[in-house]
Amino acid sequence: MASPVVEFKNVSKTFGGQKAVRNISFHIEKGEFFSILGPSGCGKTTNLRLLAGFETPDEDGGEVRILDRVVNHDRPYERKLAMVFQNYALFPHLTVEKNVAFGLEQRGTPKAEIVSRVKGALEMVRLDPDQFGRRPPAALSGGQRQRVALARALVLEPSILLLDEPLGALDLKLRKEMQLELKSLNRRLGITFVYVTHDQEEALTMSDRIAVMDNARIAQLGSPAQIYEQPRTAFVARFIGESNFCEGVVQQRDGAWMVIQRADGSLVRARGGEDRTAGETVKIAVRPERVELCQPGAAPATHNVLPGSIRQVVYRGEMLHVRVALPGGGDMVAAMRNEGQLRTPVSWQEGAACVAVFHPDDARVLEEEPK
Amino acid sequence: MSGVRLAWLRWSARRPDARAWGLMLPGTGWLLVFFMIPLLLMLVYSFMPKGMYGGVVAGFTFEHYLRFFDPLYLKILVTTVLYAAACTVLSLLMGYPVAYVISRAGPWKNLLVFLVIVPFWTSFLVRTYAMMFLLADEGLINKVLLALHLIEAPIAMLPSTSAVMAGLVYGFLPFMVLPIYGSLEKLDPSLLEAAEVLGAKPFARFMKIVLPLSMPGVVAGSLLVFIPALGSYLTSDLLGGAKTFMIGNLVQQQFMKANNWPFGSAASFVVMAVVLAAVFGFLRQRDNSEAGGL
Chain A
1 MASPVVEFKN VSKTFGGQKA VRNISFHIEK GEFFSILGPS GCGKTTNLRL LAGFETPDED
61 GGEVRILDRV VNHDRPYERK LAMVFQNYAL FPHLTVEKNV AFGLEQRGTP KAEIVSRVKG
121 ALEMVRLDPD QFGRRPPAAL SGGQRQRVAL ARALVLEPSI LLLDEPLGAL DLKLRKEMQL
181 ELKSLNRRLG ITFVYVTHDQ EEALTMSDRI AVMDNARIAQ LGSPAQIYEQ PRTAFVARFI
241 GESNFCEGVV QQRDGAWMVI QRADGSLVRA RGGEDRTAGE TVKIAVRPER VELCQPGAAP
301 ATHNVLPGSI RQVVYRGEML HVRVALPGGG DMVAAMRNEG QLRTPVSWQE GAACVAVFHP
361 DDARVLEEEP K
Chain B
1001 MSGVRLAWLR WSARRPDARA WGLMLPGTGW LLVFFMIPLL LMLVYSFMPK GMYGGVVAGF
1061 TFEHYLRFFD PLYLKILVTT VLYAAACTVL SLLMGYPVAY VISRAGPWKN LLVFLVIVPF
1121 WTSFLVRTYA MMFLLADEGL INKVLLALHL IEAPIAMLPS TSAVMAGLVY GFLPFMVLPI
1181 YGSLEKLDPS LLEAAEVLGA KPFARFMKIV LPLSMPGVVA GSLLVFIPAL GSYLTSDLLG
1241 GAKTFMIGNL VQQQFMKANN WPFGSAASFV VMAVVLAAVF GFLRQRDNSE AGGL
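Chains as they are written, first to last, in the numbering used here: chain A, 1 to 371; chain B, 1001 to 1294.
Hints are computed from structural coordinates only; laboratory data are not their basis.
Any given hint could be a false lead.
The calculated EDC-like cross-link candidates involving lysine to aspartate or glutamate, where the alpha carbons are at most 20 Å apart (straight line), are [to be verified]:
1. B:K1243 <-> B:D1137
2. B:K1201 <-> A:D58
3. A:K80 <-> A:E59
4. A:K98 <-> A:E7
5. A:K9 <-> A:E59
6. A:K183 <-> A:E367
7. A:K80 <-> A:D68
8. A:K283 <-> A:E157
9. A:K98 <-> B:E1185
10. B:K1201 <-> A:E367
11. A:K30 <-> A:E55
12. A:K9 <-> A:D58
13. A:K173 <-> A:E157
14. A:K19 <-> A:E55
15. B:K1201 <-> A:D74
16. B:K1201 <-> A:E55
17. A:K283 <-> A:E367
18. B:K1109 <-> B:E1185
19. B:K1075 <-> B:E1063
20. A:K98 <-> B:E1193
21. A:K80 <-> B:E1063
Computed spacing ranges between beta-carbons, pair by pair [as the list claims (entries may be wrong)]:
22. A:N87 <-> B:T1079: 46 to 52 Å
23. A:R135 <-> B:G1241: 34 to 40 Å
24. B:G1281 <-> A:E105: 26 to 32 Å
25. A:S3 <-> B:P1189: 51 to 57 Å
26. A:D60 <-> B:I1141: 26 to 32 Å
27. A:Q18 <-> B:D1017: 52 to 58 Å
28. B:D1188 <-> A:R135: 18 to 24 Å
29. A:S141 <-> B:T1161: 55 to 61 Å
30. A:L174 <-> B:D1188: 18 to 24 Å
31. B:P1202 <-> A:E369: 40 to 46 Å
Since this is a predicted model, take the numbers as computed values, not measurements.
Ideal placement from N, C-alpha and C gives every residue a C-beta, glycine not left out.
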């Protein structure tokens, strides 16, 4: 197996006594689209800046390796990477062409080569060099600036491209368009993308793997499907998509499942929790779209069955979110396609009895969150 | 009352320009009375024959402007321009690094800017006298050097051209620091990071990013130093004595001692012409360099 392009080994970074990155390890493979996802202040930007070379790990704060070389103290320009900044950071006093040419000029590339490569880079991001080349950044729209920033980074043919929330300032439609474009550039050019974002949907759409960060640690690292289907902690389950939570005491194992007793005595089976022992209190998470509602008595035997009553119906257009109040406390939201159910309002009245059902494979026992 | 107010609001709402004029009135009025009118008076005086005991007599003449082309006066003009230019260059060389450090001083920024302004708490005249006490033969510097036995006899520092230059730079340095600080402060630090990732080493980052983007501050600071330095007379009078005679001293002399008001006025207008030429030259060069890119 080829060695990873990027490797973090027990990396820590402290700012004025505050741990911004706490003993983090991961590696990124060549050509991978790797996202670092988390709320603001979770350390994701520090992680990227450690990789870019703007920050150095603490003394005995581990190793940052790029292409099999420890780069802890290398300057950014010694790292064979390029970066797209959150606010684009285009040089306002230089034209689009000069912005894109900047890196090549610093590397002493011959003039003629610069001209052709700048042209190629602008075409790659679908900006007409003749139309936009001579303009200053101020004369461009947000989306066009974004493309210039991308061209300025890609023209250097880096091994790794770092992107720090590059789509944050764009409107929704443009953002979706750029997401697909970035993904296709990643595939076409074979460049490793390291993408920092707080937008979970963006990370799910584009990434090969996602590192979800919380409180200076990686809470979970995996493919979008793993992260979404098997969240390890309540934080991940809440941060990516929506989740229902319920609590109970571990009873015994039932094959791949764990049986948990809720406060009202009802039993629930769920995946995971292999390291938990009987008597422990645990939390499980279920996605709203995996919860179905049935009439009492009509529930399939293979499923977990939680009887309750309808508390609220939230109309969301294509979806309906029905909140069911469970006896013994707690709610469970079932998300379902809006197929005209509300035309027969009788069974949807607030207070109407119903049962929430979900398959044990769709419920996850969560791990304790580190303090 | 409210009827008048309403009428004004209605009227001014239809004419946005009128509001702007209304806002400008106090300031422009002040300048009109205390600047434009005296200036016009001086312009008129500069073309009139000189009165016997000051003032002017009726008539029209170019003689005062022609007189200025005497090598004696031209030399004063050239020296003055050179002094002002040297003062500007020195202030720039010393002020830029100060402004740069302050702009990156994080939480200390405001305190440091405050310190730059502190000298303005004392009048320029008092501060120039203070410099005389420092530089005099019996002054603080000589006393200290003598006491330390570093010198045998006092160094004669006053009056001298260097003392004048020191005084000018000291007086105008803050005017250079503040506008440069202003433009460096606005500089987005991510631009420097972007340049660094793109391969620019510290010197290249300064030359390609920091300096071009702080040019507005450099231009503003240079004008704010050059213009008052060109017209200064106090510093050269107190620290330079008879050795340095700047055009400001000439103007003062013509008005206060020689009783030649029209010639003093003409000299003032020549200075003004030089200032205008310098300002336009500076600004045009800047516009050209901006339009042409790099």
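Going through the hints against the structure:
{"no.": "1", "hint": "B:K1243 <-> B:D1137", "result": "holds, 17 Å"}
{"no.": "2", "hint": "B:K1201 <-> A:D58", "result": "violated, 24 Å"}
{"no.": "3", "hint": "A:K80 <-> A:E59", "result": "violated, 24 Å"}
{"no.": "4", "hint": "A:K98 <-> A:E7", "result": "violated, 33 Å"}
{"no.": "5", "hint": "A:K9 <-> A:E59", "result": "holds, 13 Å"}
{"no.": "6", "hint": "A:K183 <-> A:E367", "result": "violated, 32 Å"}
{"no.": "7", "hint": "A:K80 <-> A:D68", "result": "holds, 12 Å"}
{"no.": "8", "hint": "A:K283 <-> A:E157", "result": "violated, 47 Å"}
{"no.": "9", "hint": "A:K98 <-> B:E1185", "result": "violated, 24 Å"}
{"no.": "10", "hint": "B:K1201 <-> A:E367", "result": "violated, 47 Å"}
{"no.": "11", "hint": "A:K30 <-> A:E55", "result": "violated, 23 Å"}
{"no.": "12", "hint": "A:K9 <-> A:D58", "result": "holds, 12 Å"}
{"no.": "13", "hint": "A:K173 <-> A:E157", "result": "violated, 28 Å"}
{"no.": "14", "hint": "A:K19 <-> A:E55", "result": "holds, 13 Å"}
{"no.": "15", "hint": "B:K1201 <-> A:D74", "result": "holds, 13 Å"}
{"no.": "16", "hint": "B:K1201 <-> A:E55", "result": "holds, 16 Å"}
{"no.": "17", "hint": "A:K283 <-> A:E367", "result": "holds, 8 Å"}
{"no.": "18", "hint": "B:K1109 <-> B:E1185", "result": "holds, 10 Å"}
{"no.": "19", "hint": "B:K1075 <-> B:E1063", "result": "holds, 18 Å"}
{"no.": "20", "hint": "A:K98 <-> B:E1193", "result": "holds, 17 Å"}
{"no.": "21", "hint": "A:K80 <-> B:E1063", "result": "violated, 73 Å"}
{"no.": "22", "hint": "A:N87 <-> B:T1079: 46 to 52 Å", "result": "holds, 50 Å"}
{"no.": "23", "hint": "A:R135 <-> B:G1241: 34 to 40 Å", "result": "violated, 58 Å"}
{"no.": "24", "hint": "B:G1281 <-> A:E105: 26 to 32 Å", "result": "holds, 30 Å"}
{"no.": "25", "hint": "A:S3 <-> B:P1189: 51 to 57 Å", "result": "violated, 34 Å"}
{"no.": "26", "hint": "A:D60 <-> B:I1141: 26 to 32 Å", "result": "violated, 52 Å"}
{"no.": "27", "hint": "A:Q18 <-> B:D1017: 52 to 58 Å", "result": "holds, 55 Å"}
{"no.": "28", "hint": "B:D1188 <-> A:R135: 18 to 24 Å", "result": "holds, 19 Å"}
{"no.": "29", "hint": "A:S141 <-> B:T1161: 55 to 61 Å", "result": "holds, 57 Å"}
{"no.": "30", "hint": "A:L174 <-> B:D1188: 18 to 24 Å", "result": "holds, 23 Å"}
{"no.": "31", "hint": "B:P1202 <-> A:E369: 40 to 46 Å", "result": "holds, 43 Å"}
Violated hints for the displayed structure, listed by number in ascending order: 2, 3, 4, 6, 8, 9, 10, 11, 13, 21, 23, 25, 26.
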